[in-house]
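Enquirer: For reference, the chains in residue letters:
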Amino acid sequence: MPSRTETPNQVNEKIDWKKFEDIALHIRRDIIKMLGIAGSGHPGGSLSVTDILTLLYFHFLKHNPKDPKWSDRDRLIFSKGHGCPALYCALALSGYFEEKLLLTLRKLGSPLQGHPDMRKLSGIEASTGSLGQGLSIGIGCALAARFDKKSFLTYVIMSDGELNEGQTWEAAAFASFHKLSNLIVILDCNKFQLSGATKDILNMEPIVDKWRAFGWLVKEIDGHSHKEIYEAIEWARSSKSAPSMILAHTIKGKGVSFMENNNHFHGVAPTKDETARALKELGENEAEIQRILGMIH
Amino acid sequence: MIERKLGAATRDAYGKALVELGKENSQVVVLDADLSKSTRTEAFGEAYPDRFIDIGIQEANLVGIASGLASCGKIPFISSFACFLMCKGYEQIRMGVAFPKLNVKVVASHGGISVGEDGASQQSIEDFALALTLPNFTVIAPSDEFATKSLIKLAASHQGPVYVRTGRSKAPLVYNDKTAFQIGKGISLRSGKDVTLIANGLMVFEALEAAEILKQRGLDASVVDIHTLKPLDEVLLMGEARKTKAFVVAEEHLVFGGLGCAVSQLVSQNFPIPVEFVGINDTYAESGTPEELFQKYGLTIDHIVQAAKKAVSHKSR
Numbered sequence: 620m621p622s623r624t625e626t627p628n629q630v631n632e633k634i635d636w637k638k639f640e641d642i643a644l645h646i647r648r649d650i651i652k653m654l655g656i657a658g659s660g661h662p663g664g665s666l667s668v669t670d671i672l673t674l675l676y677f678h679f680l681k682h683n684p685k686d687p688k689w690s691d692r693d694r695l696i697f698s699k700g701h702g703c704p705a706l707y708c709a710l711a712l713s714g715y716f717e718e719k720l721l722l723t724l725r726k727l728g729s730p731l732q733g734h735p736d737m738r739k740l741s742g743i744e745a746s747t748g749s750l751g752q753g754l755s756i757g758i759g760c761a762l763a764a765r766f767d768k769k770s771f772l773t774y775v776i777m778s779d780g781e782l783n784e785g786q787t788w789e790a791a792a793f794a795s796f797h798k799l800s801n802l803i804v805i806l807d808c809n810k811f812q813l814s815g816a817t818k819d820i821l822n823m824e825p826i827v828d829k830w831r832a833f834g835w836l837v838k839e840i841d842g843h844s845h846k847e848i849y850e851a852i853e854w855a856r857s858s859k860s861a862p863s864m865i866l867a868h869t870i871k872g873k874g875v876s877f878m879e880n881n882n883h884f885h886g887v888a889p890t891k892d893e894t895a896r897a898l899k900e901l902g903e904n905e906a907e908i909q910r911i912l913g914m915i916h
Numbered sequence: 654m655i656e657r658k659l660g661a662a663t664r665d666a667y668g669k670a671l672v673e674l675g676k677e678n679s680q681v682v683v684l685d686a687d688l689s690k691s692t693r694t695e696a697f698g699e700a701y702p703d704r705f706i707d708i709g710i711q712e713a714n715l716v717g718i719a720s721g722l723a724s725c726g727k728i729p730f731i732s733s734f735a736c737f738l739m740c741k742g743y744e745q746i747r748m749g750v751a752f753p754k755l756n757v758k759v760v761a762s763h764g765g766i767s768v769g770e771d772g773a774s775q776q777s778i779e780d781f782a783l784a785l786t787l788p789n790f791t792v793i794a795p796s797d798e799f800a801t802k803s804l805i806k807l808a809a810s811h812q813g814p815v816y817v818r819t820g821r822s823k824a825p826l827v828y829n830d831k832t833a834f835q836i837g838k839g840i841s842l843r844s845g846k847d848v849t850l851i852a853n854g855l856m857v858f859e860a861l862e863a864a865e866i867l868k869q870r871g872l873d874a875s876v877v878d879i880h881t882l883k884p885l886d887e888v889l890l891m892g893e894a895r896k897t898k899a900f901v902v903a904e905e906h907l908v909f910g911g912l913g914c915a916v917s918q919l920v921s922q923n924f925p926i927p928v929e930f931v932g933i934n935d936t937y938a939e940s941g942t943p944e945e946l947f948q949k950y951g952l953t954i955d956h957i958v959q960a961a962k963k964a965v966s967h968k969s970r
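Protein chains in written order, with the working numbering: chain A, 620 to 916; chain B, 654 to 970.
The set of hints was computed from the structure by calculation and includes no laboratory data. Keep in mind that a hint or two might mislead.
Subject to a maximum C-alpha distance of 30 Å in a straight line, what follows is the list of computed DSSO-like cross-link-like pairs (lysine-lysine) [said to hold, decoys possible]:
1. B:658 <-> B:831
2. A:768 <-> B:690
3. A:769 <-> B:676
4. B:754 <-> A:769
5. B:658 <-> A:798
6. B:831 <-> A:768
7. A:798 <-> B:741
8. B:658 <-> A:768
9. B:658 <-> A:829
10. B:806 <-> A:769
11. A:768 <-> B:806
12. B:754 <-> A:688
13. B:658 <-> A:739
Derived, one-sided and incomplete: chain B residues facing chain A with beta-carbon distance under 7 Å [as the list claims (entries may be wrong)]:
14. 717
15. 720
16. 721
17. 748
18. 909
19. 910
Counterexamples of contact, computed for chain A against chain B with all Cβ distances above 12 Å [claimed, not checked]:
20. 683
21. 828
22. 846
23. 902
24. 907
We put the beta carbon where it would ideally sit given N, CA and C, even for glycine.
The following block holds chain A by itself, in its conformation from the complex:
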């Protein structure tokens, strides 16, 4: 077992927590707008991963939206491809493309495909949508950094449902054996998969014990606490001995009361009425709500 390398809970006083709150709220509003207009897609897993993406894109990731292929950039592999509306929002707000493009989600000809396509949209590091593959791809990036003696980090965002996949465990065994300390997994553990609660479909608990037994450094956090996400990523980045896994406990549908822990919204977009109610809850102004509703047929 690798040694634990947890750092003390010291949070830099200069961190602008209000900025993260504002961005996360902005992303949640955009997710609802995109999915309401698209009429299909995955709200639950997009809302659960929003806070994690906020901290990554607006604090931790070393990247340059004006030079998306910069060879020293950190890589973010979004393995749970169906949650891509949240990723698209983070990319747009980072400046990879214009925010208005978000409203073309899932439309013919749009670079914003139903699941991420790295050949169509700037900022996407891997084409995903078939579960269980992102960790292997992330390992490839981490190995490339090692081959080239580069210092970039690779982050892989996975879902708890993906733990069902055998490939996840092939990859987990490989990464620790090869001591890929430049690899960080963040598990958006929202407790549901398509057909029901993960504990009822294929219970993967004890998740922490499994990853530790596979040789990973593991830290459990509240995946909606910006402070805990911040501290956990700092902790993972300091690892020198093993890959790190941040088990982020999240709420599927987080931020919209009638979507929270309601697995109907795994893969069903809000109706026009639900879009209006969700945007109202998220504090969107009335004129903007009406503009969006005008785009839903």
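Mind docking chain B on chain A? Use the hints.
Expert: Leaving out everything else, chain B in the frame of chain A:
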């Protein structure tokens, strides 16, 4: 008769070509799934240990890792037995290589039934069908050691996904070190007017011998090596179709989904002519020597000769 002179197995030629590639191109990395002694990637691992990884017995992870490496600018060559890599790794190849058009070279050994005694579980008879249904992939079946060496090097400099099948048994020599190869360009080995024998892999030499026998029986056969199944050399094949108006396609693969189907699709759309198929019918093979298996499962010179006669007879109908 032409002289049957055995050269190296195409897997051995692959191992040697990789070592040369390692010297020529520092971006080349090689990954294997615990079969490097058999696929011959071991030689690269010995020459360039810091650019070689034996992943372990995990084909899905192997392909995913290659996808990530290619996305960072590396040129990964990944190898295992064809049936394991293409079947166990297929979905990862689809999502992680073909769909995003990443620069991964899938070079799988133990293609066909010439694997021999290890039996059906190790004999890949469906890999070309799988590879040909991957958009963006180039698909290659070299026939001898010279073809392998050239085509592996060309695959490395080709931008995009490539599938190459190599074989376990020694391959009869068709070419020499002067032969020039080009991806997507077939090689016309013999020009005739009555029937065209189209082959790849080990069946190229069998086709050349079949052409000799056909000559004795009054049929003048062309022989064409279509080492690249995709993109298909349509110019060469259409020229042959218009000239001989009868095809035989011979391949060490199921008669479904391989070269025979690709060639038939081409001529049925453009210049319908009789096409006969020499390949493995709707069955798995078994343990035995390669020669015994070729005899039992229909891949001999005589099978090509009979097919050629049939194709020619259909012309007059």
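Enquirer: Check each numbered hint from earlier against the structure, then list the numbers of those it violates in ascending order.
Expert: 5, 6, 8, 9, 13, 18 and 19
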